[in-house]
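Engineer: Letter by letter, the chains look like this.
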Amino acid sequence: MDKIKPLDAMKLPELKTRARDTWNTLNSWKGDGVLQPENFKCEVASFGDRRRRDTWIKALCRFRAMLAYKSCLDSWALLTITFTFRPDRWDYEYRHQILDEFLKYPDALEII
Amino acid sequence: MGFLNWWQSEKDELEGSETQMDLLGQSQELAPPRKRVDGAIVFRRFTKAIQANGGDEDAYQNSIVEETRELFDCVVDELYQGTGAKRGRRNTLPQAAQEAYMVNESLSANQLEQLEGTIGGDSQRDVNEHIQSVVKQQSQRTRKWLPW
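Sequences listed follow chains W and Y, in order. Just so you know, the first sequence maps onto residues 0 to 111 in numbering that gives the first Met the number 0. Just so you know, the second sequence maps onto residues 0 to 147 in numbering that gives the first Met the number 0.
Everything labelled a hint here was simulated from the structure, so no lab data went into it. None of the values given here were measured: they were computed from a predicted structure. Check each hint, because a few of them may be wrong.
To be verified - Reference excerpt, derived from the structure (chain Y facing chain W, CB under 10 angstroms, subset only):
hint : residue
1    : 59
2    : 74
3    : 79
Stated by the list, open to error - Quick list of the computed label-pair ranges, beta carbon to beta carbon:
hint : chain 1 : residue 1 : chain 2 : residue 2 : range
4    : W       : 108       : Y       : 17        : 35 to 45 angstroms
5    : Y       : 125       : W       : 83        : 21 to 31 angstroms
6    : W       : 79        : Y       : 85        : 14 to 24 angstroms
Just so you know, even glycine gets a beta-carbon here, dropped at the ideal spot from N, CA and C.
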């Protein structure tokens, strides 16, 4: 049985847009800065079936964690800004998964 | 306007003023609590300026990405790895890199503080993008003065 979702759970189109935006930020700094939509599709597909919501949640959380890790200039800001998940933030409902993904990096605890 | 004139008009807002009664019951102005400015203080002013303009965590994150790319031609991760620094600890970066961040964040904060209350838009995204573009432009200008 599906878990009961909170009323304000993010809709699939927004989920996709957020995943795409985060992926764009992650990839915009590579090489010539030209984004390949095909690569995005392939990466999301590596998390599962792209028709499933779960897949997009997994992709989003991984991308958010990767962005937090790769652009972590300052541990203080990581805690006071990046990982300060207030209830009014769009990524609030995914906070546990984002943190779990972040903690997969071997030196994640040292950074925090 | 020279610094001293500017300071006279801004000091109350920047430092506030506190007074205390002396033994004779007269009010004495206390010396403001000042300290040597380091990169962390400047960085906090910078992040505060982003938030004061309505920027959220994405505005902060993307500003850092833009700033780093413009100043150093790489990403934060590469900067830490390439210099043998410890990720997340700015004080382990080479002095030249810390100075570049510090000067750019100071100048960007000046720009953002002047814009306070003027940045609007239909969405959070618009506000963030405006802030990011201010940081990006300042970073491009700062870069011209760096030796690499």
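Engineer: If you test the structure against every hint from before, which numbers come out violated?
Structural biologist: none
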